[in-house]
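Take a look at the letters that make up each chain.
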Amino acid sequence: MTELVAKSVDSADLVIIGNGIAGLTAAVEARRLAPERRVVIITEQSHPTINTPALKQFAIGKLNREQLLAYPAGTEQAQFIHVINARAEEIHAQERYITLRGGRGFGYGELLIATGSTPTGLPPNLPGADFDGILTLHRLYDYLDLRRRLGEVEEAVVIGGGAHAIETVMSLLYWGIRVHWLLRGDTFLSRMLDRPASDMVLDSIQRAGARVYTGTETLGIVGRVGTVAGVVTNHQELIPCQLVLVCTGTSAVTSLARHCDLKMKHKQGILVDDQLRTSVPHIYAAGDVAAIKDPQTGLYAPRAQSYAAVSQGRMAASMMTGASSVEELGIPWHATRLGGLSMLTVGNVLQWQDTTTTLTDSSRNSYRRMAVIDDRLVGYLSLGPAQPDSLAIKRIIEEGLSIRDIKKSLLKGTFDARRYFSHRRTHSAQRMVTTGKLPVAEELERRMLAMKNQALQPQGNRQEEPMHLVRTMPGADPVAATNFLERNTDEDLQLFADPFVAAPVELERFREQRETTGAPVGASADWLTAERGFPSDGKRPVKTSHIIESTLVNAPEPARSGRRPSGSLWSYSSPLPAVKVNKTQPPAATTASVPDIQQRGRKGQFKAPPQKNGKQRPSDAYPSSSLWSYSEKKRMKGH
Amino acid sequence: MLRTGLSKRGSKTVSLHKTGPQVAQELVACIGCNECLLACPALDEAITIDVLNRETLSGPISTPVARFARSCFQCGACVAPCPVGLSRESMMMWLKVRLLRSGWEKM
Numbered sequence: 001m002t003e004l005v006a007k008s009v010d011s012a013d014l015v016i017i018g019n020g021i022a023g024l025t026a027a028v029e030a031r032r033l034a035p036e037r038r039v040v041i042i043t044e045q046s047h048p049t050i051n052t053p054a055l056k057q058f059a060i061g062k063l064n065r066e067q068l069l070a071y072p073a074g075t076e077q078a079q080f081i082h083v084i085n086a087r088a089e090e091i092h093a094q095e096r097y098i099t100l101r102g103g104r105g106f107g108y109g110e111l112l113i114a115t116g117s118t119p120t121g122l123p124p125n126l127p128g129a130d131f132d133g134i135l136t137l138h139r140l141y142d143y144l145d146l147r148r149r150l151g152e153v154e155e156a157v158v159i160g161g162g163a164h165a166i167e168t169v170m171s172l173l174y175w176g177i178r179v180h181w182l183l184r185g186d187t188f189l190s191r192m193l194d195r196p197a198s199d200m201v202l203d204s205i206q207r208a209g210a211r212v213y214t215g216t217e218t219l220g221i222v223g224r225v226g227t228v229a230g231v232v233t234n235h236q237e238l239i240p241c242q243l244v245l246v247c248t249g250t251s252a253v254t255s256l257a258r259h260c261d262l263k264m265k266h267k268q269g270i271l272v273d274d275q276l277r278t279s280v281p282h283i284y285a286a287g288d289v290a291a292i293k294d295p296q297t298g299l300y301a302p303r304a305q306s307y308a309a310v311s312q313g314r315m316a317a318s319m320m321t322g323a324s325s326v327e328e329l330g331i332p333w334h335a336t337r338l339g340g341l342s343m344l345t346v347g348n349v350l351q352w353q354d355t356t357t358t359l360t361d362s363s364r365n366s367y368r369r370m371a372v373i374d375d376r377l378v379g380y381l382s383l384g385p386a387q388p389d390s391l392a393i394k395r396i397i398e399e400g401l402s403i404r405d406i407k408k409s410l411l412k413g414t415f416d417a418r419r420y421f422s423h424r425r426t427h428s429a430q431r432m433v434t435t436g437k438l439p440v441a442e443e444l445e446r447r448m449l450a451m452k453n454q455a456l457q458p459q460g461n462r463q464e465e466p467m468h469l470v471r472t473m474p475g476a477d478p479v480a481a482t483n484f485l486e487r488n489t490d491e492d493l494q495l496f497a498d499p500f501v502a503a504p505v506e507l508e509r510f511r512e513q514r515e516t517t518g519a520p521v522g523a524s525a526d527w528l529t530a531e532r533g534f535p536s537d538g539k540r541p542v543k544t545s546h547i548i549e550s551t552l553v554n555a556p557e558p559a560r561s562g563r564r565p566s567g568s569l570w571s572y573s574s575p576l577p578a579v580k581v582n583k584t585q586p587p588a589a590t591t592a593s594v595p596d597i598q599q600r601g602r603k604g605q606f607k608a609p610p611q612k613n614g615k616q617r618p619s620d621a622y623p624s625s626s627l628w629s630y631s632e633k634k635r636m637k638g639h
Numbered sequence: 001m002l003r004t005g006l007s008k009r010g011s012k013t014v015s016l017h018k019t020g021p022q023v024a025q026e027l028v029a030c031i032g033c034n035e036c037l038l039a040c041p042a043l044d045e046a047i048t049i050d051v052l053n054r055e056t057l058s059g060p061i062s063t064p065v066a067r068f069a070r071s072c073f074q075c076g077a078c079v080a081p082c083p084v085g086l087s088r089e090s091m092m093m094w095l096k097v098r099l100l101r102s103g104w105e106k107m
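Protein sequence lines, in the order shown, are assigned to chains A and B.
FYI, in the numbering used here the residues of the first sequence are 1 to 639.
FYI, in the numbering used here the residues of the second sequence are 1 to 107.
Hints in this document: simulated from the structure, not taken from any laboratory.
Even glycine gets a Cβ: it sits at the ideal position worked out from N, Cα and C.
Treat the hints with care, as some may be off.
Covered stretches of chain A, going by a simulated chain B footprint (3 or more residues, C-beta under 8 Å) [said to hold, decoys possible]:
hint: 1; stretch: 57-65
hint: 2; stretch: 69-76
hint: 3; stretch: 292-303
hint: 4; stretch: 335-344
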């Protein structure tokens, strides 16, 4: 079946490498946004996409295999997403095709790399590292393997100091296995938790029945007839066991970035900007493989979490299809269950120790720590029996809302997000109740358009942007502080710079179009389109609008980190304005740029997916003009 | 339009109602660990989290999910075990509203 598909398809508009949760989410979302494009997933994995967080429960037999599926079985076929089982080996970004194993080429319009990560495992030179019974838990097969072995294991050693390790410990304890947990450092999850929090977690794990060895490293593994018999530690101790589970972290699979003919920046992951573009045009990265800048610290790091992968997949889809991005990636957010405790970390609690006020509370078997600048929350850490409304706290930090009134309830963990947000927007809520209508997006939209239109103006003197930032933003403002920080420390300032973007001809064209058409929506969308593939640091849409918002427009709210102004109670994820903008968006210049790809798609074996009620775009939303694409391609070649 | 309702359960406030965008965002944040379904006292169908999530969000509602939505009595047992702190209860409420609306449309 797949062979048949593979033979008939040799190019597609949207090619996604990897069918993890990020890849499939991107594919499904791309199908929704662009029903007429051809979406192809190329993957090595032979099973459908699964929810990896559920694997732990699967391993201990709480779930069966069907319950692991991330999307209902057959979603790919129903959504006309073609899955090709092959390994992608090289990217030829100039001609825009990839080569699969066996040397076959596959053309793409837009490419998404979602190859995920691979476990680090034990160092290969460790004595005994190849005995049977040493597992790294990462893929479905690893968990199947664990599940098979569980019956004959009495004692197990877990190595590693992360959330993954703790979940493994807890699932082994569930099976009544004696667990020895070796941590290299003295604390658990040292980058995210402080000492008291870590002690609390370790304590709860110990109470659950595991033996915790802090400051312990593995020197070697002892085996008997090829299978594991024990672990030797640096305290000259031999821990007998039949199973060693290695949870020492993961590293991104960046081999495709290395095998790309244009230089694709990568370190621990493939570096992407805040809209998931890599340093190579038409190529995006999402999921565990993408190293994203933390807006607070300016450091690039992959966010290896399921939630991050899903939201990145969605964003990648809207970028690839040319729809303006609805969501922001925002700040790191990590919520999980650690043994009997719920952990939540939002933002950076441990950074900027000297500039922030830190408030802690350790009552009632729980611990909370907040990092506050002025009265804005910048980091929140919570450990306790119950999880606070975690997404609401993320929103408070991202929007830079004042927490003066809710400081105490946040600290005590009794924060009622629903009440807070409805009180904040009493006005719009009241109007909602009295008129019975949803708050209209028009006003919001008008504000956004104004911002975007004005964003065209200051391009002439873009050099002064950092100065603006420094002068106009109060130093204590977390947003200003981060922006400033980022500009100072970022070694990537050159990363996305491109001389073509600021070409005066282009600017002139934008202005003309804006004046002749008189449709500001179209103009701003053009402007967005021109951005695509040729991003430059100062001109990224979000950035610019952010700068405008904080310097030129008298925004009613204080400056926020990246998020668009949210006008109402209903804009928890603010989808309203973006939907409006989408409708009048011209075709994405870049996706149609290889004309024969488009044509081959029309001819052949791919039916257009069925029309969905009401969700369908108007047919004129994607006029078939390839003028843009042509020029875009030429510029690329010249470059 | 739904009226809002709040109830106290233990130390954590359980909110029955959240807005559509909020529910959509929470559905996106769902990591699919099935903990809520394992804790559910009203579940007697072979429902998996992927189907439930998808049908809560949009599209047609299948018979097992519709039956499950009707048998859900909003006890809130699903809220506490969620590792990422989502409120499955309000998602179920949303599903019920959708079910109701689709029923009306059929009539």
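We went through each hint and held it up to the structure:
1. Given as covered by chain B, the stretch 57-65 of chain A passes the check, having 3 residues with a CB less than 8 Å from a CB of that chain where 3 are the minimum.
2. Under a criterion of three residues with beta carbons nearer than 8 Å to beta carbons of chain B, the stated coverage of the stretch 69-76 of chain A is upheld, 4 such residues being counted.
3. Chain B is given as covering the stretch 292-303 of chain A, and this is violated because 0 residues of the stretch bring a CB closer than 8 Å to a CB of that chain, at least three being needed.
4. Coverage of the stretch 335-344 of chain A by chain B holds in this model, with 5 residues showing a Cβ closer than 8 Å to a Cβ of that chain against a need of three.
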